[in-house]
Amino acid sequence: MRRSRLPRINRLKTKMLLFGLCMSIIPFLILGYINLHTSKEKVREEVDRANQIYVENTLAQLDMLFLHTSQSMQVVQQRFLNERPSDDDAYFLLNTLLKTSAYMEEVALFHQDGKPQYLLNRWKLHRQDTPKERDNQFLSTIQSGKPYIGSIVRSAEGKLLVTVAIPHVSANGVKGGMYAKLNVKQLLEQVTLRARYENEAYLFVTDGKSDRFADPFMLGKPSDGSLTYYEQAVPLSWTLPDRTEKPVIRTYQASNGDVMVNYAMRSSVTHWVIMLEQSSQTAFAAFSKLEQSLLFTTLFIALIVLGISIVFSVSFSRLMEKIESAVQKIAGGDLSVRIPVTTSDEIGRLAASCNAMAQSLEMKTNQLLEEKKRLDLVVSGMGMGLILVDESFRIRWINQTASAWFQDASNLLGKDCHQTIGQQFSSCNGCMLRTRQMVNEKQTDLISSRVDQDGRVRSYRHQVFPLHPEKESSAFLEVIEDITEKRELEAAIAQADKLAAIGLLASGIAHEINNPLGILSVYGQDLRDRLVDEDIRDLQDTGELTQYLDTMDKQINRCKEITTRLLHFSGKSPVTVERVDIHQVLSDILILLSHEIRVKQVTVNQSLLASAPYLLATPGQLQQIVLNLLTNALYATTERGNIEIATDSPSNDRLRLWIRDDGCGIPAADLPHVLEPFYTTKPPGKGTGLGLSVCYGIVTNLGGEIEIESTPNKGTTVTVILPSAKGE
Amino acid sequence: MKKQRKILFLILFVAGTLLDWSSSQQKQDVDLYTIGIVIANEDRKDKVAGLKAGLQSLGLSEGARVQYVPVYLNAGQTLEEERSLVQDLISKKPDVIVTTGAHETFLIQQASTTVPIVFIGVASMAELPLVETEGTVTCGISNGQMNVIGKRLELTTRLLPDAKRFLVIADSHAPTTEQAIVEAESAASSLGIRLQVKQVASPKDLEQLLSGLSPGEYDAMLPLPSYVLEDAIIDCLPLLIEKQLFVMGAYPEQVKAGLYAAYGVSFHAQGMQAAHMVARVLDGVPPTTLSIEWPDDVRLAVNATSLSKLPITVTDQQWSLAQEWYGVRNK
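Top line first, the protein sequences correspond to chains A and B. Note that this note's numbering numbers the first sequence so that position 383 is 1659, with each residue one more than the last. Note that this note's numbering numbers the second sequence so that position 316 is 634, with each residue one more than the last.
Extracted from the complex, chain A is given alone in its bound form:
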């Protein structure tokens, strides 16, 4: 048997691999996903909180710087007012202020009309280029006695500057003030140096007077916290409320598709707005790394687990595969296979059990084979042909006896029975129907004939046995018996019996013929004597001559009839069956036995009531039955005894014949044996012991039955039931 290969997915090895992978990765992924999901929310909250704190701190620092600048200016202005310094001293005083405030580009004291009184610029000669502050709001704010913080403006050199001014308020009103121009970049450097930012983000600053943000500053990337301009797209316009207690959060999608998060807060002191902008991707960079790390770890673990699973599954499944292979071989008929048992665990025990099973199977199979050989020998020795046909009438098995009948028996297996061996048998036409009919009608026998290789016609008895009678469609065992010799023997016995009967009838028949011959002789002599004395014409005219000749003719016919009956009986029966009238047969036999009947003065009563006294047989067979039975009855009957012959029709298809005598009867001890051949109670020369045996053979061959009832000293009744011929 060819070993079928399992699909890979169905293999134990693959399943173990998948199991290992699933059990190692799925929990890891589920836990990882839950952790990531939870962490993401936490990270978002933390990022928001940290950024809000940063914005708050930065704004506080910025406010503080403005306050510090303002206070420094207040101190210097106060010194100017108090000390009224010379021009030189004023120079050094302002220079000190510039020196201590690195973000201060220019500082000046100005008059009420805004014209500088003292001015010192970090880059330029102080007497050069001293235009008065042109911002109208500047002067109006100062003149109202309030400090001033201007808008962020870009200088000719490209620097971002903001003007901060304080008024000089005297008892007579505002007398001018002091302003400083601050470098926004350096101002914010001071701020961010104090409020460090760990992550990467952009810091936008606006003076609060417009919604437009000034140049962005990138935070975080320079690790020292210093600021630098970066080319960052200005975020969407965003109108903040006048007062923001806490940084406001806004999320929007940038033109490049990035999701940006803004944290903005307006200073309540300077109204400047600090806005931190961070891309969501940057904020969750650590988280993305964590996700990536989880993915790589999962992959790594998967590969390691895959490796371990392969090692274990291979070592585990190797023995399983050996077992599977061995079982496949056993299933294929190779019972000599044994699995090497290398482990003592359940698999090892399974392998050992398989070995034990194979050994047991091998032993049992050998025993079965022995039994089969023996059975074959017996079956072949029966001398019968046995053929096993399946429900489709194909030959499945044939024994040696049947094989010997056919030349090419090996090629018959698997072929249709009726189209192969059936061609040779006379009864196999319509085999399928007939076989089923036989089974259904419980008819077990069917006689057929075939011409053998020598051209001799041989007779066979077919018996059909369904193997599974309970099923509608079943296989059949056909038993074919060659009965040619048996038939020939039966015919020889019947002939011997017939000749013996003729021998016994010979004297009676001679007597029966002798009487007409005597009458013929007397009438012949008397006619010869009268012709001497009388004219033949007178005898003719009187009609006496005709009377003489009629009598003589009648006696001659009687002799002829007897000899014809005898010849008819003694001849070998033709094989062909014909429609025979049992009443005519009875009449013929009674003629043959008429002498014995008269001698013994037996009264023969006939009650022939059969409505259709015809049956299909050879006339000789029926004559033999009737002769044997009547001969036995005559033998048993004493002088002046009675013999009763009766026929009737118990059913449409049956014919019954009684022959009853009131003779000596048959002892009970002999009754079971009377049908056996050569069993006789008659003295030697009076019987052969074949009569009833031949009768039984003929009746059963005709499909009939024979029953014998006997009471010693009272008589015997023999009942023969035969199938009647239907129709005409």
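Treat the hints with care, as some may be off.
[Said to hold, decoys possible] List of simulated lysine to any residue pairs, SDA-like, C-alpha gap at most 20 Å: (1) A:K1375 <-> B:W637; (2) B:K324 <-> A:V1590; (3) A:K1289 <-> B:L326; (4) A:K1289 <-> B:W637; (5) A:K1289 <-> B:K324; (6) B:K516 <-> B:S529; (7) B:K324 <-> A:K1375; (8) A:K1876 <-> A:K1762; (9) A:K1762 <-> A:V1590; (10) A:K1565 <-> B:E642; (11) A:K1451 <-> A:V1351; (12) A:K1375 <-> B:E642; (13) A:K1400 <-> B:M464; (14) A:K1691 <-> A:F1701; (15) A:K1400 <-> B:I511; (16) A:K1400 <-> B:L326; (17) A:K1485 <-> A:A1578.
[Said to hold, decoys possible] Selected chain A positions facing chain B (Cβ under 8 Å, derived; list incomplete): (18) N1371; (19) K1400; (20) I1580; (21) Y1955; (22) T1957.
[Stated by the list, open to error] Label-pair ranges, simulated between beta-carbon atoms: (23) B:V332 <-> A:R1325: 39 to 47 Å; (24) B:L336 <-> A:D1518: 39 to 47 Å; (25) B:S490 <-> A:A1326: 56 to 64 Å; (26) A:Q1347 <-> B:D480: 30 to 38 Å; (27) A:L1343 <-> B:L336: 55 to 63 Å; (28) A:A1326 <-> B:D480: 41 to 49 Å; (29) B:E503 <-> A:A1326: 33 to 41 Å.
Since the hints were derived computationally from the structure, they do not count as laboratory data. Just so it is clear, CB atoms sit at the ideal spot from N, CA and C, and this is done for glycine as well.
Assemble chain B onto chain A, guided by the hints.
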């Protein structure tokens, strides 16, 4: 069995590779940038030091994130030799070339219009004729020298209030000289002082000029922006002391080297500021959009040791003007 071992080996190999790749990914997938540096003068190495310090502070540490390919030009080389060196540098395909002066920048601009150039410290646009032309990829830090000429004169008068005779030295080859003289005279007019302007063509000329001066002939000297004069002045320090001539220099590094005083942006600070620009260029920001950036910080440096050799008295108030001090104050 052999097949299974091979599969197992393959799986372990893949796992190992994955682990290695994963760890390398987590370390950071950073590029190693190549920064070419062209230095025409050894004295400008502080600019390079400032650049390196600045990049280091920005996370671009040498070896890990950036590698420097320095090219030193010296006075003995011909223009052809300098061009050859520059060409070698460009053939190494640097991500950016940093120059420390106008001459180096000009050489690179002539050799390539694709490699981004960041210069550290030029006095004026006039020094860089190609900066504004189409297709250039040059940007850099201004040294602010052209803007602080007046301030230098002002501070000179604050340190030497009695000074009357001012000598202004100009490099006749420097492209900024003409404008610088205008600036200086304008400032002098504002300050109410008079200037004597003298032009020199080389350090030797300067030496000859100074040698020809009699001690005390001038109270103070102001060298106008010129790479030649920057270095030549330092070389002439003994001569200056001998002639008792105060010089207001342009860079704190000069004071550190022994000059009396200087007002300007230090080379180191210029380098630090240029580092930000270099970082942005490495980040992919087009150099043209950065153009020229104004320096962040300018300061007065004084050398007490040198000043003490002059017949002047520096008061505490005058000392307070300075933000950097060198040497020992004897008086």
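Going through the hints against the structure:
| no. | hint | in the structure |
| --- | --- | --- |
| 1 | A:K1375 <-> B:W637 | holds (12 Å) |
| 2 | B:K324 <-> A:V1590 | holds (13 Å) |
| 3 | A:K1289 <-> B:L326 | holds (14 Å) |
| 4 | A:K1289 <-> B:W637 | violated (89 Å) |
| 5 | A:K1289 <-> B:K324 | holds (17 Å) |
| 6 | B:K516 <-> B:S529 | holds (14 Å) |
| 7 | B:K324 <-> A:K1375 | violated (75 Å) |
| 8 | A:K1876 <-> A:K1762 | violated (38 Å) |
| 9 | A:K1762 <-> A:V1590 | violated (72 Å) |
| 10 | A:K1565 <-> B:E642 | violated (47 Å) |
| 11 | A:K1451 <-> A:V1351 | holds (16 Å) |
| 12 | A:K1375 <-> B:E642 | holds (11 Å) |
| 13 | A:K1400 <-> B:M464 | holds (10 Å) |
| 14 | A:K1691 <-> A:F1701 | holds (16 Å) |
| 15 | A:K1400 <-> B:I511 | holds (17 Å) |
| 16 | A:K1400 <-> B:L326 | violated (77 Å) |
| 17 | A:K1485 <-> A:A1578 | violated (59 Å) |
| 18 | N1371 | holds (6 Å) |
| 19 | K1400 | holds (6 Å) |
| 20 | I1580 | holds (6 Å) |
| 21 | Y1955 | violated (85 Å) |
| 22 | T1957 | violated (93 Å) |
| 23 | B:V332 <-> A:R1325: 39 to 47 Å | holds (42 Å) |
| 24 | B:L336 <-> A:D1518: 39 to 47 Å | violated (56 Å) |
| 25 | B:S490 <-> A:A1326: 56 to 64 Å | holds (60 Å) |
| 26 | A:Q1347 <-> B:D480: 30 to 38 Å | holds (37 Å) |
| 27 | A:L1343 <-> B:L336: 55 to 63 Å | holds (57 Å) |
| 28 | A:A1326 <-> B:D480: 41 to 49 Å | violated (60 Å) |
| 29 | B:E503 <-> A:A1326: 33 to 41 Å | violated (57 Å) |
In terms of the numbered hints stated before, the structure departs from hints 4, 7, 8, 9, 10, 16, 17, 21, 22, 24, 28 and 29, listed from lowest to highest.
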